[in-house]
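Asks: Taken in sequence, the protein lines are chains A and B.
Per the numbering used here, residue 2 is the first one in the first sequence, and the count goes up by one each step.
Per the numbering used here, residue 9 is the first one in the second sequence, and the count goes up by one each step.
Since the hints were derived computationally from the structure, they do not count as laboratory data.
Computed from a predicted model, the values in this text were never measured in an experiment.
Don't take every hint at face value.
Only some residues are given here: those of chain B computed to face chain A with a beta carbon under 10 Å [what the hints assert, rightly or not]:
| id | residue |
| --- | --- |
| 1 | 171 |
| 2 | 180 |
| 3 | 282 |
Here are the simulated PhoX-like pairs of lysine-lysine, each with C-alpha atoms no more than 25 Å apart in a straight line [as the list claims (entries may be wrong)]:
| id | chain 1 | residue 1 | chain 2 | residue 2 |
| --- | --- | --- | --- | --- |
| 4 | B | 139 | B | 126 |
| 5 | B | 108 | B | 141 |
| 6 | B | 187 | A | 24 |
| 7 | B | 107 | B | 71 |
| 8 | B | 71 | B | 27 |
| 9 | B | 187 | B | 125 |
| 10 | B | 80 | B | 126 |
| 11 | B | 141 | B | 125 |
| 12 | A | 16 | B | 126 |
| 13 | B | 125 | B | 107 |
| 14 | A | 65 | B | 187 |
| 15 | B | 108 | A | 16 |
To be clear about the criterion: a stretch of chain A counts as covered by chain B if any three or more of its residues have a C-beta under 8 Å from a C-beta of chain B, and this derived list gives those stretches [as the list claims (entries may be wrong)]:
| id | segment |
| --- | --- |
| 16 | 49-56 |
| 17 | 61-67 |
| 18 | 70-76 |
Here a beta-carbon is modelled for each residue, glycine too, at the ideal position from N, C-alpha and C.
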Amino acid sequence: MAKKDKPIQFEEAFKRLEEIVSKLESGDLSLEESMTLFEEGITLTETCRSRLEAAEQKIQLLLKDSEGDLSLENMD
Amino acid sequence: MSTPEPQAISVSDLTQQIKNVLEGSFPILWVSGEISNFVHHGSGHMYFTLKDEKAEIRGIMFKGFNQFLHFKPENGMQVLLQGDITVYETRGQYQIVAKKMEPAGIGTLYLAFEALKKQLAAEGLFDPEVKQKLPAYPRRIGVITSQTGAAVRDIFQVLERRALHIDVILRPSRVQGDKAALDLVEAINDMAAFDAVDVIILGRGGGSLEDLWPFNEEPVARAIFACPIPIISAVGHETDLSISDLVADMRASTPSEAAEVVSPATSDLIEHIHGYERNLALIMQRYLQKCWQGLDSAKDRFVLQEPGQLLKQHRTRSRELIHLMMQAYRLGIQGFSGKFAGANEKLLAMNPMNILSRGYSIAYRETDQKIIRDPQDLGEGDPFELQTFKGTFRAKRANRKK
Chain A
2 MAKKDKPIQF EEAFKRLEEI VSKLESGDLS LEESMTLFEE GITLTETCRS RLEAAEQKIQ
62 LLLKDSEGDL SLENMD
Chain B
9 MSTPEPQAIS VSDLTQQIKN VLEGSFPILW VSGEISNFVH HGSGHMYFTL KDEKAEIRGI
69 MFKGFNQFLH FKPENGMQVL LQGDITVYET RGQYQIVAKK MEPAGIGTLY LAFEALKKQL
129 AAEGLFDPEV KQKLPAYPRR IGVITSQTGA AVRDIFQVLE RRALHIDVIL RPSRVQGDKA
189 ALDLVEAIND MAAFDAVDVI ILGRGGGSLE DLWPFNEEPV ARAIFACPIP IISAVGHETD
249 LSISDLVADM RASTPSEAAE VVSPATSDLI EHIHGYERNL ALIMQRYLQK CWQGLDSAKD
309 RFVLQEPGQL LKQHRTRSRE LIHLMMQAYR LGIQGFSGKF AGANEKLLAM NPMNILSRGY
369 SIAYRETDQK IIRDPQDLGE GDPFELQTFK GTFRAKRANR KK
């Protein structure tokens with residue numbers, strides 16, 4: 002069986018971002034903790050955005066060979 | 009000799025009894041047969057005879073029902089109809105009063121559809137509680153349809169226009185004909201096994217009931233139900249309802265609509281992320297402002313010129329650091345903020361309030377408020393001010409011992 006390779010989940014990234022924002026908003030963190038969360042948050046937004054902006058839709062075909070193995074093939 | 013006249017009932021009474029027996033003993037039923045003597049009367053009602061090789065029955069379809077027919081009944085046509093048996097007393101005739109009528113073939117399909125729908129509903133396959141939620145932000149969408157049909161073109165068009173950040177995996181499948189149902193089942197299972205997409209669009213463009221039929225077959229329904237990946241079904245046009253639509257996690261009226269529903273627009277997502285970024289920056293700004301205010305109030309409380317100067321410098325430095333930090337994030341430089349946090353923590357520790365509270369004092373020359381760092385700074389007997397944690401008092405340097 003071919004590998005699964007599920008791409009980064011935006012849903013998870015967004016959920017984590019929400020979590021970070023509300024944690025920071027609560028305000029009872031040390032400076033160190035705040036900065037760590039802030040850094041993680043900014044990194045997440047950067048990752049998501051750069052992925053969105055650089056996105057080129059890939060269209061692939063799911064094919065099955067005579068052995069029953071599944072594989073992807075790029076489609077033009 | 010005359011025989012006694014037998015007890016007799018009237019024709020009306022007899023007919024009434026026949027009517028009672030007949031009309032009560034047939035539940036709603038479907039009958040198949042060939043139409044003859046068809047008349048569409050000026051009143052709008054339809055009169056006909058339904059027959060097969062050995063028997064015939066009169067039939068009526070009233071205007072209120074026949075206006076919904078999708079076809080024109082004709083003599084010689086094989087039909088399936090549903091209705092009640094009634095007795096028409098005036099003529100002594102029994103007849104079937106039709107409520108639904110379908111051409112045979114399609115009628116048979118229709119019956120199969122109704123039967124399967126009833127069965128699967130009873131098993132709970134359509135229950136809202138068992139439906140999976142569609143992902144809010146799918147990264148990859150699976151499409152199961154014909155590689156050459158209108159549906160695949162429509163879906164690709166929508167996704168290309170709205171959401172270039174979403175990748176697509178097409179598993180081509182036949183969508184009409186005898187082998188389509190099996191192919192669809194295999195396609196669903198393949199998608200599930202490969203497990204690379206967040207949601208699957210299953211469907212085809214419009215067609216006749218026979219064309220759409222594979223989506224009404226039980227194995228397809230069962231495969232959809234068993235699939236761990238959410239499926240949105242889009243079969244035919246708005247008005248076509250299939251078993252697939254009922255069992256899928258969501259129904260779209262057309263393949264284009266399915267693509268719209270599952271794909272959040274790239275521009276919306278980017279706006280969403282901007283929002284988070286603004287929020288994060290705002291929160292940190294507020295947080296750091298609180299730190300500065302701490303430093304400011306320390307300065308105000310102690311009217312200390314030089315430490316005040318020191319604080320001012322630290323504050324400027326702190327602002328510079330934050331500015332640099334934001335720039336660093338923009339440039340994607342990692343680990344910078346850790347250093348910044350360390351620097352700022354040190355700034356806070358240098359709050360003179362903290363130092364004094366630990367038992368240190370600061371001495372000022374009374375003449376110019378300069379901090380005394382050296383015995384040389386003060387002459388014998390000169391007064392000075394001593395700043396302690398809780399307050400300031402005047403003092404005088406003692407004379408040197410002889």
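Asks: List, from low to high, the hint numbers that the structure doesn't satisfy.
Replies: Of the numbered hints given earlier, those the structure breaks are 5, 6, 10, 12, 15, listed in rising order.
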